[in-house]
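J.: Here the protein sequences line up with chains X and Y, keeping their order.
In this text, residue positions in the first sequence follow numbering that gives the first Met the number 0: the first is 0, and each later residue adds one.
In this text, residue positions in the second sequence follow numbering that gives the first Met the number 0: the first is 0, and each later residue adds one.
Derived by calculation from the structure, the hints in this document are not laboratory data.
Check the hints yourself; a few may be wrong.
[What the hints assert, rightly or not] Short, incomplete list of chain Y residues facing chain X, as computed with Cβ under 8 Å: (1) N26; (2) L28; (3) W54; (4) G72; (5) L75; (6) S201; (7) Q229; (8) P232.
[What the hints assert, rightly or not] Derived list of chain X stretches under chain Y, where covered just means 3 residues or more per stretch with a C-beta under 8 Å from a C-beta of chain Y: (9) 54-67; (10) 91-97; (11) 133-140; (12) 227-235.
[What the hints assert, rightly or not] Taking lysine to any residue pairs in the SDA-like style, the calculated list, with each CA pair at most 20 Å apart, reads: (13) Y:K38 <-> X:S187; (14) Y:K223 <-> X:V126; (15) Y:K117 <-> Y:K38; (16) X:K105 <-> X:Q147; (17) X:K165 <-> X:K105; (18) Y:K223 <-> X:R137; (19) Y:K38 <-> X:S224.
Remember, it's a predicted structure, so these values are computed and weren't measured experimentally.
Backbone N, C-alpha and C fix where the C-beta goes; we use that ideal spot for every residue, glycine too.
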Amino acid sequence: MIEVLRCGALTTVQDLGRHGYRHLGVGQSGALDPIAVRQGNLLLGNPAEAAVLEISVGPLVLRFDQDCAVALTGSGFVATIDHGGIDLLPGHVAMIAAGDTVTLSKSLVPGARTYLAVAGGIDVPLVMGSRSTDINARFGGLHGRPLQTGDKLATGLCSTNAVPAKKGIRPLSPSHILRALPGPDYESFTAQSCEDFWNQAWRINHQSNRMGLRLSGHALELLQSLELLSAGVLPGDVQVPSSGLPIVLANDAQTIGGYPRIACVIQADLWQLAHVPPGTSVYFQQVTVDEAITALVQQRRYLSRMEDSLRSALREAC
Amino acid sequence: MTAKESPAGSSLSTAVVAPRVTRLRENTLLFSFTDDHSKAPELILQKRVWALAAWLEERRESLGLLEIVPGMGNLLLSTAVQSVGACSTRDSAGIFDLDSLSDQILILWPTLASTDIKGRTIEIPVIYGGDAGPDLKEVAAHTGLSPDDIIARHCAGEYRVYCLGFQPGFAYLGGLDAALATPRRATPRLVIPAGSVAIGGSQTAVYPSTTPGGWQIIGHSVLKMFDPEQVQPSLLMPGDLVRFINMGGS
């Protein structure tokens, strides 16, 4: 059992997301950075889909009532094991002894996201195939809401050893360049706006959240006002409401939308949405479908290599 | 931009234009079946969208589909094979050929019968006005109808579920009496309670869960519109007919 002794806003239980139910209006939820989830779970010998904690605002103080291996991935926080005063090294497994607390202090980068995986995974019920918290519809995760002080979290059975602490992984660094394909309504924007979209630095607005990144910059204009019938949307779609300021939809976005879409961020870059906090800037880079596929295959190869390397480290540990 | 016209477009009936296909990203296609975005699609067209969604649903596994999302006169699909989150990192061996899937759907589209899917009729009990429907007076002021008249007209309607979206179990309903159309509130409410029955522009809906929003709340229903624990989580499904039953109020 893990007890939440202190908790800032917006720590949620997430896994790789709730897929296949958008036709019922059910959003994806899930960790904004699924790669960080895979990394943490691999380090601990968990299945890839085990649930972890996504933390974006500190502090978070957890007390473990049993020995437990944990792994910190993602970016932004410094974590310490209090009784030893030991730092948790990101990308490495740490052993927490029964009775110890883990403290994630204030985020170094406000709005960045860190993931804490625990051996066995966070044990909350599977709802529609996922343990992710759907904050808007209020189901999944722990009681369908962010964690609060006093919450108690169960962990699943640990079936395997963790990767030895001396072997770890380096977190990926976000490039702040989001590769994208022109969206279904790209040609409805003025030539100047299309150019502006790809060429300017878009500042991440402070109203950004898990539903979407709101961007500030030179507003985009349509050739003429455009009415659209509601159609399915996905995380990574870049909508442009009447303000002309784009919104990059993220995991908690609604399933259907009616705003013009100027572009769609490719899958290989979606994990970066977790690591572009308010105040930072992003660029969009136009790519082709073939380039998007190549990027995805390269990312898969990177993940496979990481899996192979960590699995062999696991075998050596057994 | 990777849009293209249907090769079979010329053989379609006049009611149906050639679909427009857009590759949104490596694993995502959007099919738009109508050019007219100014109003809800004809029911005959939407029935074809449902037929296509059903055809795809039957092949979800064999085609490796992840999401099949019918919209208003359109359909979005994504494949699992090329998804980062939803499948194993080992599944990349064969990057799925979306172009051939797209061609297959374009050939299928004109042959799809727009026969009725077996929609059920769902009756939704509503308490209108008062605390349950704080904006009934505003709808009355805008439409020039009395609250009783609004309730009678709202209950006389027969509504068709076109698609689900926005919230889990939120149904896009066609069939609101044009006389009841009322613009959204100038200042959206911070809270529209779950169960609210509301009018926004020329649409009406029941809110399955609490949300901020600008629609005019005319009533409240105790029916649970969405329950993630059920095998069939959404009370309403595309093709269903909806009737509102006046349980009192005004």
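J.: Checking each numbered hint in turn, tell me which of them this model violates, lowest number first.
T.: Result: hints 2, 3, 6, 7, 9, 10, 15, 17 break, sorted rising.
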